[in-house]
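Hints are included, so try docking the two chains, each in its own frame, into the full complex.
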Amino acid sequence: MRRTLFATTLLLATQAGAETPVLTVYAGDYFTSEWGPGPMIETGFEEICACDLQFATGDLLPRLLLEGERTKADVVIGLTSDVTAKARETGLFTTHGQDNTALTLPIEWTDDTFLPFNYGHTAFIYNETTMDAPPASFDALLDLPDDVKIVIQDPRTSISGLALVLWVQAVYGEEAGDVWKKLAPSILTVTKDWSASYGMFTDGEVDMVLSYTTSPAYHMFAEEDFTKKAAIFPEGHYFMVETVGKIAQTQVPELADAFMAYVLSNDFQRMIPTANWSLPSALPADQWPEGWSQLPLPEKVLFYSEDEAEALKAQAIETWRNALSQ
Amino acid sequence: MAQRAQPIIGKTGIIAGGFVVAVVLLAFIGIAVRADVGRGFGPAEWAAIRFTLVQSALSALISVACAIPLARALARRRFLGRGFLITLLGAPFILPVIVAVLGLLTVFGRSGWVNVVLEAVGLPTLSIYGLHGVVLAHVFFNLPLATRLLLQGWQSIPAERFRLAAQLNLPPKMVQRTLELPLLLQIVPGAAALVFVICLTSFAVALTLGGGPRATTIELAIYQAFRFDFDLSRAALLSFVQLFLAGGAALIALWIIPDIAMSAGLDRELRRWDARGGFQRVQDAAVIALGSAFLLLPLFAIVLAGLYGLPQMPIGVWKTAGNSLGVAVLSIAVLLAVALPMAGWISTRRAGGAEAIGLIGLSASPLMIGTGWFILINPVADPVPLALPVTALINALMALPFALRILVPPMRDVLNTFDRLSRSLGLRGWTAWRWLVIPRLRAQIGFTAGLTGALSVGDLGVIALFADPDRATLPLQMYRLMGAYRTEAAAGAALVLLAMALGLFWLCDKGGRWRAEA
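From first to last, the protein sequence lines stand for chains A and B.
Counting from 1, one number per residue, gives the positions in the first sequence under the working numbering.
Counting from 1, one number per residue, gives the positions in the second sequence under the working numbering.
Any given hint could be a false lead.
To spell it out: a stretch of chain B is covered by chain A in this simulated footprint if at least three of its residues, at any positions, have a beta carbon under 8 Å from a beta carbon of chain A; those stretches are [to be verified]:
#1 226-240
#2 368-377
#3 446-453
#4 479-491
Worth flagging that the hints you see were computed from the coordinates, not collected in a lab.
Think of the CB as a built atom: it goes at the ideal place given N, C-alpha and C, for glycine as much as any other residue.
Extracted from the complex, chain B is given alone in its bound form (with noise of 0.2 Å):
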């Protein structure tokens, strides 16, 4: 066999995806230790897993249907505010399942606005229950995520691309077949992917909106098993069945992917000339207003239910919230540290195949994950005091895919246009990463962290299993407010999150893009 050419970066990333695969088998195994022979699946559990695969084949379909023109528009259009409006927009993704619920209520439910204004003018009014409510709220959740992941790539088309388009007088129909629609082909079925895994591990939030045990997840059945039934072994079981129905989707979607290089452009400013019509700037203005109602209607729900229970919050919400902030720095810092490099040795690869790694730790099931690190600090180790790091560690676990997503094509753009000028300058290893690539990938690290960040914040995770009080996050806070009967003040301790996952990601994106036009 011919010898070949050694990727400039890239080894490193072996051991980091050994890592993720290690964290997870680790916890199966903790987890196999310790089960008995329980009972098998009966209709029930095939009944959750017909449920989880319709509901998220739909959420994914329909999210990332209704993201491609959203972040078209949003991609072509310069306007005042346009910014600050898609860190808002990024919002939905990162709250906690029971204040997205709420905010979704307010304006949607039976006695939502939507419905007091249909009721006004006499028309019938909707409900937001059943598998549309689902879905409904499953697009309200990850239309951000996709609509930020198309648009990261569509601001990677570089804009002498567009400036030619524009010089050759392209219409706009041949602007989209070739310039738009390979990049839609590279990036889609990744994002629907994603989407898709994401809601397969819902549960809170398919229950709430679903009606009732119609709408039972794999993720939730994992749950009962878990902690009613105590049954560790079906637990473990169904997150196989979990674990190998994503993976399953992640690896179909993965290998579909054409290989399209892109070659590089000296990263100028982003302008449309093939958008300049009258017809394409009323359709991308209504598409972003539509979007932005859906997605900040909610929101701006949740704000002013928080705004009026914020005096009553406690002070002991503060503390919990520095202790959610030492969470999401850490969440950071674990993802970047196995992302990078994970993302560099698949960057280098032909085949997406390995990108399938970095959804194994979403797919598998955080509580499981979770219990069966439990099982194996608990001989050893106190497990209490690792509470934190233990969260932080599968937080980041969890937002690895999305840090993949985001990561990989612009860094196979990177390496393979400066494969060759690097070689011949000799540039590899960590100067070829501190030099070509991560000042190139600034934006998409900045991205990564602040996801990442958010997420952390906003995570009530493993932390509920066993946590000390003084080991309390925020969301799980939130939760005691309410389990008191405290709504108004959770309302606020739920502002309070919203501001802090905005804030972290708002700081790490704007840190990554800081000088560079995005």
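Chain A with its partners taken away, still in its complex shape (with noise of 0.2 Å):
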């Protein structure tokens, strides 16, 4: 309370004179905590801006859908290509104005809202040392012998999980369902988020895990453990990609500009291998971190415009659902 009135006196008193604006960003909830991208990102936009950056955190798309217009965001990061069509359909977004043939996505991106920062392919992570003969497509991983368990996430409660029918959905079509039946004997269990999902892995209870091609980097750089490796399959794997977006009534719109541009920057994007753990979307190959253009990434990318997604999506989960259920 006192803090309150001492912080709107000073406001009062010194007015706009020495007021520093404050730019406030919402980001997932990994976002922000000491070991992830949002300090890094905080300290390096403050030193260009004269502003004050503030993080908020939690549940982005409920969280928005639920504030709507009395939302106090300037900026949202974090959004992955999956749930943008309902963000955008709230009506809070504006463009981002930038130029998007600075990006460097393996696949081509002309929207002028959503604007990525960075991607990684949806993956199953194995342990070369527990496992000799990983599966080397995804037809491969459906005729693996029954003691062979993979974990992966429910599509219902988590993004990854969404991901992963949406990938079944792009390889297979039709099929998927066929697929899915062919693939439960080996699913040991279904989490309800990756860090769940990646405990039992850690943890030896599983074989396989469905994350990213870019979590081995995690192992190989922050760990020294090259054991951990994504299999990579000819059919190609679904494309994640993770965005930024300028909320249309902000109070601070230069400020929130700026922040767009800085995504876009070396400075930002160098930070996201080693900070995110996932691919700059912005930075050639050769620029990025010692090592990481080594990291064995897949050949053909597979990917669902929001509009394809949003329309696959409740089709995608009932057939997964079912398939499994029985």
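Here is the structure:
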């Protein structure tokens, strides 16, 4: 209470003069922890903006939908392309005003509202010391002996689980239902979120876990553990991209624009690999941190635009549920 | 109609009960205001309702069935470290789901300790996944609660009764029938209803150990409707179904409780002359050993992993631990302010139907209450600074049914026993609370406070929806660590969480029983 009073007095006394403008950025929960990318981004941006960048975390989309016009966000960072259709529908966002040709994504990106800041691909991760014959294709994954167990995430509660059902949809289309039935004996269990699945993998409970192509990078560069590998499938991998968007009714439009520009800057992009353990969206591979360009990545990339994803989502989840409920 | 004598306490209880109903009702209204007409129930929702009922009923039956011998063994034995063991046995109940699941997997998982032993001796290995896995996990969570509830009941039998039984030389069978059975009838239905409701609202454990979409609970469907489809009307409808099932179960359980009055004893040390036989000794020792192994091995696994991860834990964890502690203390305060008057009110009524009010906070889905209040608060104030108080309030509501289950039976006994005396002394209202009720219920109040604090510390709750970085709680921080591949540091945070929950519980519980024999 006293602090609020003090702050208010200060604010009234100084008026616009020395007042530092505040940029409020909504971000996913993992983002702002001290080992996440948030603190580095905050320091980096505050050095150039003469402003105070404040993160607010939580469940991004539900929070935006609940707050609607009353949202305090100026910028929203972390929505994946599988949910941006719903975010766009709110009418809260405006164009990002950046040049998309700066992007170095493996796919073409023309969206003028949601600007990608990183990417990765959905992939199954295994430990090469315990798994002698990892599947070399999606078909091979379906034919794994029943005693090889994988863990996946529920598409109804996690973004990575949703990416998996869309991945299967992209590779197998109409046959998705049969594919799930074929895979069912290998699925040890399904977890609510990525964290629980990955914990089961690192504890040795399962042989493979649904994660991202960049997961081995964490083990390699943070732990010097080179045993974790992503199985690369020639059928292609589903592409996951996280975006940043500007709120139309922001009170600090110039600051928001400056932030959008900062996202594409070399300074920001260089942080992404080791702070977010994913691939930067606007940095050529030869400028990635040492060793990163050697990371095995899929040659073929599968992707649904947000409209395609939105249209396919419900049916793909239903197919998954029906096949695995039997 | 003849004028009934006014009960000596209980008036404020109606206000407290009204408060609870209002909190839940307003949350529903908040959601209803924002809800569009969504799609109704499909086969998926019906399957979720069926699965929820089956797993909750099985979990409740098995938890209580296992708790009876364990509570009896603990009630009639005195041994070194008994109090410590009882506190420790309570730990699984307050563990965050993900911590408990990892602990269970270390012991019962595919490459877990049990399977390693089974394999070594050439026996077939067992799988923890499927309906039996869900039930196993729920028994792990709820056996401690059921045991403690029964134990409290056992300890409420006046020692003089057992002395009398011994003087009359009643055989153990007769002691069971005359002293223990009435007590069981009084406590078991309520305990079972409580476990049923807790299991009703579980979803992460059901999903992970259930093996997949077959193990979909109503709460998962609520989560999906809300966070993924943003279909508020379906979420509200599902919450309503959950509330209806939980409320129904509670009402049935509370109605069939026979009204038993226990007359007062002199609170002497509880000695059991009927259980001195060698056979009973062996039996009790075996039950305690088995129960302890089941409940403590996964805890041991968590401690082992945590000790290893502790040095890697970032400093920020301690700040979030402070936030969690604040939430816990606030929860305890809110809970006692609501639960004590409510328990007083319920105790003065004959039928236990009013106790069902206590269950609505737990069964209405905390996610739903939090969201409803977010919608209500948002137009008038910034909900973010209120995130921690709202979390504390929701935690208190979730602990309310446990509190009532613990407080009501002994309070009823106290009121029945001392009713005439209090009237002739003119003891009523606050004075009755001060001199009669609270001193006699110290143990139960301490236990209740400990349980609330511990539950609150371990709850992830609604904070995940709208916390700013400064308001993270310890469980949230643990999830963040896991989300950032820091599995070992997360295990360290889990250990801190376990220690905090146990510490809070022990402090309150011990405080309540200080200088009281129980």
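Quiz item: Looking back at the hints listed earlier, which ones does the structure fail to meet?
Solution: 3
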